[in-house]
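**Student:** Sequence:
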Amino acid sequence: MVPERHHPFHASTQPQLMRVTGARAVTLLCVVSALSVGYGLGGTGVAVAVGILSLPALAWAYDNATGTFLVLATLFVLTVGIMVLLIALMALAR
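Each position in the sequence shown, counted from 1, maps to that position plus 83 in this note's numbering.
Rather than coming from a laboratory, the hints here were simulated on the basis of the structure.
Heads up, the beta-carbon is just placed ideally off N, CA and C, and yes, glycines get one too.
Treat the hints with care, since some could be wrong.
What the hints assert, rightly or not - Just the calculated beta-carbon pair ranges, DEER-fashion:
no.	residue 1	residue 2	range
1	L111	M173	31 to 41 angstroms
2	L158	L118	15 to 25 angstroms
3	A132	A176	21 to 31 angstroms
4	T104	I170	36 to 46 angstroms
5	V129	T149	24 to 34 angstroms
6	T151	L175	32 to 42 angstroms
7	V115	G150	20 to 30 angstroms
8	T104	G126	32 to 42 angstroms
Start from the sequences and build out the full structure, keeping to the hints where you can.
**Tutor:** And the structure:
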């Protein structure tokens, strides 16, 4: 009988996905501090903008095994950016 080979992808990675490591803690601390500084200096609008722009960094730190969250966060930031640009162009044309 041939023994089964243990492939690293067959191992359970569920406990490791959401475990807070040093890099994840630093990323989360930087995002929270940027949000608080943005809110303190510029108000709610700046805090919302910093929150939206920090989504790719959070998605990169807390991404799943397939990398789906980073792609979705990047597409969301691009979509919001295009909407803001179109609203600004409408305001300039008026």
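**Student:** Against the structure shown, which of the earlier numbered hints fail to hold, in ascending order?
**Tutor:** none
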